[in-house]
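Use these hints to put chain B onto chain A, whose structure you have.
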Amino acid sequence: MKELVIHHELIDEAVTAKLQAICPFGAFTVENGHLSVNAACKMCGLCVKKGPAGAVTLVEKSSAPSIDKSLWRGITVFADTTEGRIHPVTFELLGKARELAAVIGHPVYALLIGSGNKATAQELLHYGADEVFVYDNTIQGTFLIEPFTAAAADFINKVKPCALLVGGTNAGRSLAPRIAARFKTGLTADCTSLEIKPNTDLVQIRPAFGGNIMAKIITANNRPQLCTVRYKIFSAPTKQAEASGKITRMEIDSDKLQSRVKVLQTTPKEQGIDLTAADVIVVAGRGIKNKKDLTLVKELAGLMHAQFAGTRPLIEAGWVDPRQQIGLSGRTVSPKLIITVGISGSVQFVAGMKGSATIIAINNDKNAGIFNVAHFAVIGDLYEIVPGLIQKIRSGRESAA
Amino acid sequence: MKILVCIKQVPSTTTVEIDEVTGVLKRDSAESKMNPYDLFALETAFRIREEKGGTVTVLTMGPPQAKIALQEAVNMGADEACLLTDRKFAGADVVATSYTLAQGIKKLGAFDLLICGKQTTDGDTAQVGAEVAEFLNWPHAANVSHVESVTDEYINVSVNMELVIQQQQITLPCLITVEKDIYTPRLPSYKRKLQTINQPVQVMTLKDLTDQDENHYGLNGSPTQVEKIFPPIHTTEKQVMTGTSAELTDQLFELLTAMKMI
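As given, the protein sequences belong to chains A and B, one line each in that order.
Residues in the first sequence are numbered from 57 upward in steps of one, following our numbering.
Residues in the second sequence are numbered from 5 upward in steps of one, following our numbering.
Calculated directly from the structure, the hints in this document are not laboratory data.
Just to be clear, a hint being listed does not mean it is correct.
Pairs of lysine-lysine, DSSO-like flavour, derived with a Cα cap of 30 angstroms [said to hold, decoys possible]:
{"no.": "1", "chain 1": "B", "residue 1": "Lys232", "chain 2": "A", "residue 2": "Lys105"}
{"no.": "2", "chain 1": "A", "residue 1": "Lys392", "chain 2": "A", "residue 2": "Lys325"}
{"no.": "3", "chain 1": "B", "residue 1": "Lys111", "chain 2": "A", "residue 2": "Lys312"}
{"no.": "4", "chain 1": "A", "residue 1": "Lys98", "chain 2": "B", "residue 2": "Lys71"}
{"no.": "5", "chain 1": "A", "residue 1": "Lys98", "chain 2": "B", "residue 2": "Lys195"}
With the rest of the complex left out, here is chain A:
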């Protein structure tokens, strides 16, 4: 148990000012000449590390009993099979699980709940699972939060896996937090990178504080470790011709599978915009000043047979359909080519497109963050370059015709 302690004998006005300047959350307040830390504190420890020596310290009061990590074995992937087919994020996670498991000498497991027909389980073995645990005795194929959580909890209690990797689909992002709360264990959402320590602590890297910062997050004293990863963040492994693992059927009492949610009807969503499958994407950002100026970017996309997309500010302004959003809260894409037009490059946006094979960025600010990931940095005015390019493409085609 940790607590921040202010050593008042070392506090004067200068020290107070320094501490207030260091704290990014404004948690140091002075009341009646007495310096204290309020609830805005995020326990980031910067005041301890960067503040005047000894003024604030982090005191360990009594430590929680530590768990025996060697009892928790196996990197598990939740097999996302909503609507009968395995979501490809499952294969990507199996590939990553294989890498992580190799470091610590653990097996790779897959957890298949619901539509657990033999072919589906077999498919998971072909993508590198050593053992597939199947719960299908009474659960129907449809994703229902309570029975799925119950089955996952049963699996965790019986198998005691070291970590559970869950695809960042709508189903996965609903299921993972319920499991985490049930076991009061850590869950890290939308990881963009995963590593593992020899002591089996999963090192989860994700953007944090809503800004241009990455955080390394660990779950040091709880098991299992849970994280979600969006589709197309990792690469899928190639399918093995031979599957060597085994399939294990799991039994669970049917009274644990009650559901207070009833699915009355399932209707396919209207398709049309599928950014994740696009080879070429032209994406507009806040550098676009008016809604009508978007036609420029759309025209360029049309000429290149590319998909048009936007960043979060444009979606929030209502200028662009939410289905066309690229970024952590929108779609993650990895096309052959992406052209960003007037985009500064927030960490959330970059996380959603940094897997693109070629990134061309057009921005008039040479310090824009997007240029840190761009392969081609075009520093100039989009309002001159984009129309110029459109004209050149048009006239090129006309002379060829």
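Quick look at chain B alone, frame taken from chain A:
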């Protein structure tokens, strides 16, 4: 119908940088606002109240300043507001935050329906809603795109499951997190602001909760630890193009032609 909406105060700016020399977080401004996704949760609650009658309570966990966000919700139409604040709650991750909220909710009384926004703009995890539901042992639905009907026993909703839309009937009490654009949020009313100017915000601290074990809250109750923060890693091989707009257009045209993209 007793409805509860969980909201959060978030920084107005999302541009946080690390000072490369000192490694200290730089925040451009200390200004805060209500998490924009929470406006849709509030609007959903107001519409259900208009149809079914009842009350809308807003709850947040945060520093004392978070009262401002609660006040804004009251100005929009919330009947009651409650702030969970304690230094012991500091440094809470998703589990500790959800547990604290669930403790507060149990103390506030029996609700029929709990509504949350899809996610926050600062944490971006979209996990707190589902974890609160688990701690309350209530069913939940995330990504609700439409509320069809509400009875005393059930709520019927459309749930966005990416490839399909599920029509779900959920037994009350339950928790839903709503998609952006489920309804157009109303603006805070100046008239209401004047009417509610003296309305107190209920404040709860650790001492007001049933479970008062400090180990379950804040940093101590958080299984996850931030081991390190660092600036994003950058691509090193890059070609920078500069010049007049005409030159840049030519270079870009040549590049795209060479890539067989046009």
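Going through the hints against the structure:
1. For the hint linking Lys232 (chain B) to Lys105 (chain A), the alpha-carbon distance of about 12 angstroms falls within 30 angstroms, and the restraint holds.
2. At roughly 27 angstroms between alpha-carbon atoms, Lys392 (chain A) and Lys325 (chain A) fall within 30 angstroms of each other, so this suggested pair holds.
3. This hinted pair checks out: Lys111 (chain B) and Lys312 (chain A) have alpha carbons roughly 28 angstroms apart, not beyond 30 angstroms.
4. For the hint linking Lys98 (chain A) to Lys71 (chain B), the alpha-carbon distance of about 18 angstroms falls within 30 angstroms, and the restraint holds.
5. Using a Cα cut-off of 30 angstroms, the hinted pair Lys98 (chain A) and Lys195 (chain B) is violated, with the two alpha carbons roughly 36 angstroms apart.
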